[in-house]
Structures are given as C-alpha cells and as structure tokens.
Amino acid sequence: MHLGRHPQSTEIRRRGFLLIAFLLLAVTPVMAAPAGANSERFAQSVQPFLQKNCVMCHNAKLKTAEIDFSQFKTDSDAEQGTETWEKAVEKLRTNAMPPAGLPRPPQADMDVVLKWMDTAIARADERAKSEPGRVTAHRLNRAEYNNTVRDLVGVDIRPADEFPQDDSGYGFDNIGDVLSISPVLMERYLTAADKVVHASLYGPEKLKPVVVRHQPPSPKFPLVDKPLMNYDLTGLNLPNALHTTHWFSVEGDYTFRIALEGRRPNGSEPVQIGLWLDGKLVRTLDIDAPSDGHSIDLFGMQREVKLHVTQGDHWIAASILRLYEGLPPSYGGPNPSKRLEPPPPDPKKLAKIPANATPEQTATAIAAAQEKIKKSFVPANRVYVHFVEVIGPYNEKLGPSAESRKLIFICGHQEKHDADCPRVILTHFARRAFRRPVTAPEVKPYVELYAQARQQGSTFDDAIGMALQAILVSPDFLFRLETQEPTLKARSNGLHNVSYAGTDSGIQPISEYALASRLSYFLWSTMPDAELMHCAERHVLRKPGVLEAQVERMLKDPRSKALADNFAGQWLELRKLEYDRPDHDKFPQFDEYLRMSMRQETELFFEDIVHNNRSILDFLNSKQTFLNQKLAEFYGIPGVEGTEFRPVSLNGTNRSGVLTQASVLTVSSYATRTSPVLRGKWVLENMLNSLIPPPPPNVPRLDEETVGLGASIRTQMEEHRKNPMCASCHQKMDPIGFAFENYNAIGQWREKDGKWPVDASGKLPDGRTFVGALQLEQIYAGAPTQFAECVTVKLLTYALGRGLERYDRPAVKAIAQQIAADKYRFDDLVLAIVNSLPFEMRNGANVAQGVNHTT
Amino acid sequence: MNVLTGKRLDRRSLLKGVGAALALPMLDAMVPAGATAAAAEAAPLRMAFAYVPNGVTIADWTPAGSGSSFEFPRILKPLEPFRNQVSVLTGLAHYNAEALGDGGGDHARAGACFLTGVHPKKTAGADIHAGISVDQIAAKTLGTQSRLPSLELGCEDSRTVGNCDSGYSCAYTNSISWASPTTPLPPETNPRLAFERLFGTEDFSADPATRARRALLRRSILDVVNERTQQLMGGLGANDKRKMDEYLTGVREVERRIQMVESDHKSFTPPIEKPSGIPETYTEYVKLMIDLQVLAYQADITRVSTLVLGREGSVRTYGEIGVPDPHHPLSHHRNIPELMDKISKINTFHVSLFAYFLDKLQNTKDSDGSPLLDHMMIVYGSAICDGNSHSHKDLPVLVSGGGNGQLSGGRHITYQSGTPMTNLYLSLLDRAGAQVSCVGDSTGRLPYLSA
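Chains as they are written, first to last, in numbering that gives the first Met the number 0: chain H, 0 to 854; chain D, 0 to 450.
Don't take each hint at face value.
As the list claims (entries may be wrong) - Below, simulated DSS-like cross-link-like pairs (lysine-lysine); rule was C-alpha separation at most 30 angstroms, straight line:
hint: 1; chain 1: D; residue 1: K286; chain 2: H; residue 2: K194
hint: 2; chain 1: D; residue 1: K364; chain 2: H; residue 2: K305
hint: 3; chain 1: H; residue 1: K560; chain 2: H; residue 2: K405
The set of hints was computed from the structure by calculation and includes no laboratory data.
These numbers come from a predicted model, not from an experiment.
Can you build the whole structure from these sequences, using the hints too?
Printed below as a string of structure tokens:
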C-alpha cells in the first residue's frame, strides 16, 4: 500500500542530496581527526559492519537506493565514498537503517562506524576548497523580463506573460543553468521587443474591446428559512458574493456586467448589488425581476455599469448588500419589504377539492397541497452572484507617456536632432539595457541599424525604435552576462574574505556592475536603478558601509515586493495555491476570496519580516499575523471586520508562524484530504532542507477510495510504515505531518478526521516528542541552526540563481552562524549573503577573456 | 527542417499542412488570375451543425404550406435569399430528451441529446454518460483527410463541471459534440484560442507589405545580434557558451523561417487578424466564430464542425436587438404575447446570423471554383421545440447546403410527428459515406432530402 501520489519533486535534484547530510552534520559537531587516523579502521571495523548489516541489499547487483557498499574494499576506495557516507550517516543516525524488522547492530559498533564516517566526511570537507563557483549566464525569466522592461522604458505591459513557462531547478525558476532559450521563445522575444518599443514611443496598441467572463463554480452554502439578524451587511464575506482578480492591460473605461442566480420570495424588494474594486465599494445596483407566479426568478438577471479603471491587477468583487433585508414581512427579517406581500397560498384553494370529495380525499388533497407549498418555499438567502463580465477597454489612455519618451530621447527631442543624437540615445539606452557601460564599437551596429532604417525612409523615431528593438533581443540584454574586476582586489571586511586567499587565482571579484545586477535581481527581480549604477560607476559599491546602506535601501523599497512574489512564492510554494482546486463538495467554503486572502496573509507576513527586519525564526513561531475578516472568520478569530488586512495577535489561538497558515496547509494537501506525507515532506524540504528521495519503484499505492472509510488517515499511515521498505523515509515524514492533522486540507481547524478524533502527537526519529503543530514549531525554534541554514540555502540559491555545491557549505555555515548573533534578523541574512564569497566572487578559471567592458 | 522541440514539430507540420492545402489554391487572395489547374480536383464534402438554445416560438417558425410552395414565416425571413439552399423540416423529435422518469432537466437533456440521440445519465458528478454524436461519427470518415478531424466552436461560456440544470452536469448543457458516451468535446468559445488552434500562435498581419517590412527588419536585427553573439562566444566559459549556442539556434531558426516566408510567396496568411478575445457584441462574436469556421473549411483544416450559438438554458441578454431580458426566463413565456414576441425576436436574430454563415459559404470559392456551400451539409436547430413547454417534439430544424449534389433545398418537408431526429442524421451520414446502421434512437432514413 502506498499513500496516493508520491511526493516527488519535479525539480532537478542532480546534486541536491549533497546538502542532506551536510545539515545533519551541522547540528552534530565533529571532532576533526588527524589525517590517517581513519585508515586502519575502515578495514577493521567499518567494512565488516557493512558486510554484515548492509551489503545484502546495497550490493553491486541490487544497488538498493543506488548504493553499493561492496565497491569499497580498500581505504583509498573508501576515500572516494564521501557522498555514500553522508547518506549512510543520516540513515544510521535517524535509525532509518537497518530497516525495522532487521536486527539492530550493537550501539557500540554503530558508534565506531558513525565516528569513522563523520571523520571521513569532515576530511572530505577540508579537502574541498571553499570557492565561489560560477553562475551560468542567466537569461531573464518571465518576472524579471517584465519588471526590467517596466523599469527600462517605463511601460508596464507584461509582454513576458506570452512567453513559455520558465523551467525551474532547485526550487526556483531563476536558475541560470536551467533557463533555456527555444526558437519559440526567440520569436516571442522579437514580438515582445516590437511591442515594448512601440508602446514606449507611441503608446499602447489600440485594443478592441473584449468580453472576459469570471464565473466560478456555483457556490454551495446552507439555505436558511429565517433571515439572520447579525451578519455581514457588505456581503463580501458571504458565499453569495463573487471575487476575482482581473488584469487591466491599459487604463480606460470598462463595463462591468453582473448577473445573478437564484430566487427571492414574491413581494421582496429588489436585490442590491455592491460592486467593489480593490475592497472599496464603487457602485450599488438594484436588480429586480417580475414574479413568475411562484417566486421572483433572478437567474440571469443582470445590470451593467461603466467605470474608469487604472492599469494593473485589480480585485473585483460583486456582493449582495444587506442580504436579509427587503424580504417580505412574513420572513421576520430586518428592514422588511414595503412592497405588497401576496397572501400566503391557501392549501384549500390550491387543492381544488371536488364538491363530492370524501373527508379522507379532502384531507389527502390538502396535505398534498401543503407539501407543494412547503416545497416551493423560497429560502431567505437563495440568491448569489452568478458571473461578472468585464468588457473593454473603452476610451483607453493612448499615446506614449512623457516618462517613457524622456527615458529614451535623452538629448531633448526637438524638431531637429544633431548628427550625433542617435549615437547618444542608443549609447544611453544600451548602457541601461545591458546594465553596464558600453563602448563605441559595441553601439556601432545599433547606430548603423538606425542609419539603415533612415536610408529606407523611416522616420527618426521609427529608426531609433528599430535599433532599440535590436538592443532588446541582444544577448547582452536578455542574459545577465557577468563581468569581473580586472584585478583581484582582496577585501578584508565582512564575510567575503572566507578563505579565498591562497586559492586558485581564477577566483575574482565580479565587477561592481555585475554586483549591482546581482543585488537588484536578488532583491527586486529587476534591473539596477540609477543609484546602484551610479555607485558602480563611481566604484564605491564595495566601500565599507555603502553596500550595507544600499541593501537597506533596497529592502525598504516597494520593489522588494518581488521577494515575496518570487522568493516566498516559490520557497513556501504559494504559487501552487493559484492552481490548487480543493474538492468543491468537501470544501465548499474554499472560494476565490478565501484563496486570495490565504495568499495575501502569507505574503504580508513575509513582507513584514522583510520590511521590519524581523527574525526569520518568526516564520516558525510568530504569534502575530495579518488577517482580513474573511480569513479571521475562517480561523475562528473574532473582532476582525472588513476587507483590510491588519496585524492580528495569535495569542490564545491554535496558530503561530507560517506552518499553520492556511496557504501552506492547503498547498501541502490533496484536493480531497490531508496528507501527513505531503506535509511532512513540505516541512522537511522547506524548513529543514532535508530532501526525501523518491519512493522505490513498485510500491503499491493507497487506494484513495478507502481513505477515511475504515480508519483515520493516521491509522492507515501507521499501517503503511510497517513495511520496512517504506519505514525509513516515512518515519521521518509522517510524524511531522501528524502534527498538522488538526488542520484540514484547506487549513481549517478540526477536532476530528471524519469519524475519528485527531491525534496530533508524534515522535521524531531522534526521540523528541510533541503534541500538535505548535509544539513541533517550538522544537524547531528551540534549536534553530538547521532552520537557519535551510533558509540560508534557499535564499542563497535564489540570490545566486544556481544550485549549491559542496564548496558552498562553509559559506552557508558561516552565514547561519553570523546571523545567530542578533536573533537571526532578515536584514542580517541578506547582508551576510550579499557579503558572502559566492555572491561577491566568481571563479574565472577557464575564462580566456571576460565580457570586459574596458576593451 | 531542423526540429528542435515537440512543440515546434506541431507548429511546423501545421504550417506545412496549411501550405499544402493552399497550393491547391483555396484562398481567393492567393489565386493567380486565370488559374484553373486545381479546378479538376473534386471538392470534398463537409458537414456543419449549429445549435440554438431554449427552443423557438414555434408558430413564428413553421412555414404555412409544404413542399416547394411555402412562405418563410417571421423567424425564417432572413433566409429568403437562400431559399433554394434551405429546407425546413417539421415533425422531427428527440424522444430521448424527454424526462423518461428522470424529472426536471429538459435543457441538459436537450443539449446532450441533440447530436447523440441518447438519453443522458442524470448526474452532476464525474460519471456523465451520453452517446457519440453524429458529427463525431462523420469525422471518422470525413475527418481523416484534414488536419483537425473536427472543430467545436461555441458562443457562450464553456463550463464543464458542476450542476447546470436540476442535477445534470454542466457538461450536458455545454457540449453538443461527444467523442464517446463519456467524453464531451467542450466547444472553444474564445475566438483567440480558436484562431490559434487553426493557425498556430504565429503573429500574422493581414497586410503583406507590413509583413515583408517586418521580415526585413527582423532579419537586420537578427544579423546584428547574431554577430554580437559570435563575438561574445570567445570570452565565455563552457556553460555560458552552451547558453549562447541555444540562443544562436533560436536566432537561426527564426531567420530560416523568415527566409521561407520571403521565398515562398504562396505561404499562408489567414485573411483575418488574430482576434484579441471575445468581442463586445454578440453579433460580432458570432460572426467572428463563423468567419473562423468558414476559414477552417476553406483552408481544409477541418471538414466537420459544430457551432453552439448559445448553450442550452442560456441566460444571454440581447440588448443589441432590444431584448435586455435574459433568454431562459423569457422562454418560459406563459403564452404572454409580449414575451413570445421577444423570443421570436431572438430566434429571428439567430437565424439572421445563420444566414450570414450561408452567405459566407455561398461567396467563398471552394477548390473547384464552385461555392463552398455546394459541398456542405448543414443542420441548424434545437432539441427543444418551445421553451415554455420544454417539448422535444416537432423540433425546429433546417437543413442546408448542396451536399455535393445529394441535398436539395427550397422545400418545407413535413414528416410524421415523432419521427426520430436521428433518422435525419443517418440519412446525412449515408451521403457522407459513413457506413453506420444507426445513430442513437434512429429507426431508418428520411425520405425527400434529395429532390
């Protein structure tokens, strides 16, 4: 039996395992043994131990889990086996091996073997030179392309939304090695360059108005006969409302068409619809319908309204205002209808009793009529918003923005240009587009392109536009090609002198322009701004205090929202929330508004840590979060009213930190149920950086049909772990997952899993026990090194745009140690990364000649 | 052709396919003056099915008189110019759209039954079950020669999950085409996506001069960046070089494509611009979908297609013809004359759009130079007779097109009331060369379709 879809990562895990044991080592200080001390013991103790306990599965023939211990015969063989020892140490130390069911070797033997392996790994680490590595030329990904273009020419038209999806590796979609260019993408680049240049010189293309319908699956909610007296008058938080996000590509007028579904009793007043933009009520509309005899049928009844909307993503909501008002007085609701209420149907009349009916026949007929009346009764809340259509644009803002043209035509765009104008314009533009100084020979081909176009009769603007297009599809723009400083400049402050002195002379600081780009793509996902470029130009970016001040400035800047979108969005897997479709029958309360609110909570939480320099341990156990009414009600936290998110204390609640946020709990669940496996894996991979290997082949899957029928999911999982093949990994994942069993598949608190009471207790492989998520979080927060190193690994991977290697370990360790000094503050983490060897330097070996701008 | 990715292969073969079709020359714009070379080729037979929801005001639909001496009544008036290409069929029924003990849900049953003749299983869940539809049976014969075996288009939102009518899945009201009893083929309702399905994602421009200019421009641009990349290569590490190689491959591929466009003057350009989305008015919307449909026939991308003018149970409002009320509630007109009048207005409007379709087909030359309409077999109708009563008898049905000489128009043919609609389908399938013995609940063939 196996539990459903196996949690298999789609990412590249080529070298990911290198880091698994490394972090375990980090919490297990190793005494460095003198060289040679190990040499005797392998043959004496380790090899016999392996022979006796391991080789029956891990041999050349079976190679279980890709491991073959029989290949290590001599000491020099053993020296080559560092990666194998890393895996073995982890398995032995967590009691994952030998698998349950096989005899356990005596602890004394284990200790000897573990000590030997620890030493072997430590020696390998000593041998491994600390070095910065080299980031592969890094193509801008979709987010980076959109942002860069926005900042380069001042038009936000998101051309990259039409590009193929970026591949991701190591958990992120900004990995240089993985990002590739296909001919399709090349073609899109040409089209995008055309659009961007056109929009910046002449304004956005004139668009034909189009209709976009937003229509979620029909909401499911309990119908009530009696109106409520105390309820959400705005209707926004009721299931009768419709919420959606719409991208308005251009500022202009748009028609909003709102249609209803459902009925109201005869004699009701018109339904009042509230149309909300970004949480603000912008229009109130009445919708009415004639009675069809039985009731007022509102299905398809609609109203339109035209509004002016600015460019960008906007949250649109249509709600039923004061849902329980305006009903006939007989419903007993607040502010009843002033319309004439038709008399209640008379069962006697409805029954049409013939004159000669017997009393029994009369009674039967009346009973039938009463039944019919009862069936046609219209519940007090049986109306909801069916769809919203957005139609437009009309009267859209056309023409170029003055800002765009100013960014391009820097020599003052008058009637006449002097002969040098094109060169000045293109040099200036290329410098910004390439994010570094450009030489005259470099700009020449673009100037020639301009001249060619002029010769063929193009206008000045058109000809400049053509050259701009070429710049926008050149590799210098599309790739971050890093230059390095011409000479090695040893710096002695901060972290970046981590033992690179005396290493290969190929190690060089990257140029300050490259550093400026690394900073801006790391913290903003866009090109460096004028100030960063200015620092690089004056060669002061590495001056003491300057880098720190720049990082601080950048983190405070609104553009650092990119960290939430792109780093947190992928680290915490929030992006998945957009595509998750929790089962509509099981979780009818999961609607668009809840989805938006969930994501927003975690983003605001993350941004708060960034902007207010809070400790990264807050991810684990902060007792404060950000809620709006929708999410607060969902969490059962009273006193939060309205659409605005605000800081809310979680004291006294069953939530704390990011792990108990609904977003995370939802993305780590299946559509129909929780999965302790998925949640355990989520925590291990994202909080502890411990990768779980894919399952062995031919493992039987859990029959989804039987889940929750015969026993709780927990009991079924425990059954599962009796299989020793499964136990080694599942004993790591499952207990962590159990801690979260009090939260259902969309993160709502529950006491029971179906019929069975939830048991959220667990025991980690190392013996520590807990009851519930909050205690588990305290365990992690109490010994934060592993978590701190995990966040460091994630953020460093993202910052560099490459997967980490063995030689990055000293840097990771040092960063995590350094930030421990002041409560693991986020700014300190970013600064430590920015000052680290891999971020500051690169290995220039094998490079004949960099893309040196001084040539 | 250097094929690099699976995606590329699709598009390449697509363009090649289209190009080959055009070599016949099928597009007017491409036909050199006096070209007759292809005229000898017999034009293939095509089929189309169009659906209108919520029934019609049947009194305003059924012509007085029968045979060839009849008057087009109010709703059918827009068809007057095509009198000789249209027959009105009266008396056909969809027995399997009746409740048959399943209670409410006539709209869902009508939608699912229209082309299948099968009684759909009442469910709002995943266990939907209807039957294979006539267009899909036809596609098995007619669709083997074209790139797309069939094309399903619609002019109303396409929802396939959830409950859309009294416990029936939205799949039933949504899809009239069914590849199998469990596989509905939801219509493509976004003109932009329909366009991409037909012609790929290439960015076309209607104006050849603009295209040529753009090609030239792109070539110059690519020359510059190509040279720049070559320059760069020398100074890069191995991994960076690999990335630049990818980039250069992309550049060369695009260059090759531009070259192809320049050297091959017959290369294909759809004569309409790529739509940006659903147009603001229903008239424009339907006409755009019809344009795409006709184009697909003309370029021989498909030979079978369906068009849903409105999903069954539609609540569309028709402000543009002075009917701001949602269609479905209106169709329960309780014999109130004003409401029936409004329904007739909607029905007439739909028929006028159908006339646009016929007009387009009449004025589009097929590969043999004759009107495309001569090679069509078209069924237009609804599986509900009158929206007020939800009756599935005496359905409003039109048949049009020459059917390669196998269909005659200009008549009002009255069959015995209750004759299975599927008998019509069986008769058409015979003409299409599909050798099937029954469709849904068919009991035989319909007489009188050919004069």
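To see whether the hints hold, each was checked on the structure:
For the hint pairing K286 (chain D) with K194 (chain H), the CA-to-CA distance comes to about 28 angstroms; that is within 30 angstroms, so the pair holds. Under the criterion of a C-alpha separation no larger than 30 angstroms, the hint pairing K364 (chain D) with K305 (chain H) is inconsistent with the structure, at around 43 angstroms. Under the criterion of a C-alpha separation no larger than 30 angstroms, the hint pairing K560 (chain H) with K405 (chain H) is consistent with the structure, at around 26 angstroms.
The structure fails hint 2 only (numbered hints given earlier).
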